[in-house]
Amino acid sequence: MRSEQNAIQNHRIPAEAPWSGIVRKGQTIRIIDSEGQQAVDTIFYSAADFAERYSAQDTLRTQGSAYIGVGTRVVSNEGNVMLTVVADTCGRHDSMAGACSCESNTVRFGHDTRYLHACRDNFLLEVSKHGMSKRDIVPNINFFMNVPIDPSGEMTIIDGLSRPGDHVELVAEMDVLCVISNCPQINNPCNGFNPTPIQVLVWEAGA
Amino acid sequence: MSRTLEQIAADRARYDEHQKKGLEFAPRALPEPSPLPPLPIDADRILHSETIPGGWYWWCSLKKGEALSIGQPHGFATVALVAWSARDPSERLNLPDTVKVQWNTRVQKGRVLFSDMGRVMLSVIEDSTGGAHDVLMGGSTAASNAARYPGTIRNTRDNLVLVAGKLGLSRRDLPLALNLFAPVRVQQDGALWWNPDLLHGNDYVDLRAEMDLMVGVSTCPHPLDPNPVYAPAPVVITRYQAQVAPDDLCRTATAEAVRGFQNNAFAGV
Chain B
1 MRSEQNAIQN HRIPAEAPWS GIVRKGQTIR IIDSEGQQAV DTIFYSAADF
51 AERYSAQDTL RTQGSAYIGV GTRVVSNEGN VMLTVVADTC GRHDSMAGAC
101 SCESNTVRFG HDTRYLHACR DNFLLEVSKH GMSKRDIVPN INFFMNVPID
151 PSGEMTIIDG LSRPGDHVEL VAEMDVLCVI SNCPQINNPC NGFNPTPIQV
201 LVWEAGA
Chain F
1 MSRTLEQIAA DRARYDEHQK KGLEFAPRAL PEPSPLPPLP IDADRILHSE
51 TIPGGWYWWC SLKKGEALSI GQPHGFATVA LVAWSARDPS ERLNLPDTVK
101 VQWNTRVQKG RVLFSDMGRV MLSVIEDSTG GAHDVLMGGS TAASNAARYP
151 GTIRNTRDNL VLVAGKLGLS RRDLPLALNL FAPVRVQQDG ALWWNPDLLH
201 GNDYVDLRAE MDLMVGVSTC PHPLDPNPVY APAPVVITRY QAQVAPDDLC
251 RTATAEAVRG FQNNAFAGV
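Here the protein sequences come in this chain order: B and F. Position 167 (the first sequence) corresponds to 167 in this note's numbering; numbering is contiguous. Position 60 (the second sequence) corresponds to 60 in this note's numbering; numbering is contiguous.
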């Protein structure tokens, strides 16, 4: 029976902050939206070779569907399965809207929004710790972010569906470096206009 | 950060206003699809024309103000496209930003393609399909080909690794690819499907560079291409000197494009 007590990693990630850590093959990572309606921008890299990393297009193509949910195999740019989504109490996660940046915020919300902290800056700071740079920041998964794509193509970020304590769980199919930006965006509803903390737990296989 | 209810309400109101403009007003400003058959390009504006065999790759330098006319006079083919800033290749095509800031996954005439730095890389100045392109699924891979076709055949993933390599870049530098002439749409339940009714035959797309670029393409069949045979037709790409009218639609159709071009100007690109 899994609990906080038998988790081998337990991280409380403050609002707006980045985090990274290794999840070994067979281990389960749980990402908890502690207070609800909080987007968690996430990129996975192969721990053995950071040039192998999450690929949104390979993941969507492989499953033939536009959203991330239970059963989604998280696929790398080399076509390998990195992790599998095994549990989800929320029901809607995005992989096409990418991460916010100071630069895209100016386009989307006006030049006066440039000087606000953003996910791309979180990613840049965090991947720098692992010897990577801006060229390694690829389009990510947005756990708990609600971005319906209409049959016409219309796409917009709407209120998140996650309630306090909702979580998603993934089993690693290879050793991965997980890089998270706990999204600081306040210009759209992805965080309910109020960024909040999240929690990450990791268990050994069989726990 | 702890935010007051007043701050949250003000930000929500502002978002609702952006969203209304993006979803309701901007699409009405976009033009009809470009005419078929394609109009000839003036000979004195043509810089180069390349016929790329089906299943192959090609790249070129594209200076600001030049355009690529990507056509299929020899039959149907999908064209996967990637782009890097020539000045700093870490600045590259960013499809999530492109579709998110324009509130639509449909890339069509009048829309623009954004880099990861909030700047406009390319303008869609002609598109006979009205937006029959794919941002979601990417191109073929060795595995996706093997599941559909016998034998060893070329795939887009390897083609784009080759493009990157010949530009001194690597697989680390490959952005998500825009698939031109790939009418992928999303159903209500999220399922991805190929809508053949959106294609006309002899379709074309013209993309104008808004900064100095390196552009790479691959001409393999899309993974959802309904043709059971691997038979991509040759693709003709013509590089030509484009024009920009003062009221150029790609620069004025949406508030987001206006701000994107302002970012280009601020950066001196």
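Possibly wrong hints are sitting among the right ones.
[As the list claims (entries may be wrong)] To be clear about the criterion: a stretch of chain B counts as covered by chain F if any three or more of its residues have a C-beta under 8 Å from a C-beta of chain F, and this derived list gives those stretches: (1) 59 to 69; (2) 91 to 98; (3) 180 to 189.
No wet-lab data here; the hints were simulated from the structure. Heads up, the beta-carbon is just placed ideally off N, CA and C, and yes, glycines get one too.
Taking the hints in turn, this is what the structure says about them:
1. 59 to 69: With 6 residues in contact (Cβ-Cβ under 8 Å with chain F), the coverage given for the region 59 to 69 of chain B holds.
2. 91 to 98: As far as the region 91 to 98 of chain B goes, the hint holds, because 3 residues have Cβ atoms under 8 Å from chain F.
3. 180 to 189: Held - the region 180 to 189 of chain B has 5 residues with a Cβ nearer than 8 Å to chain F, which meets the minimum of three.
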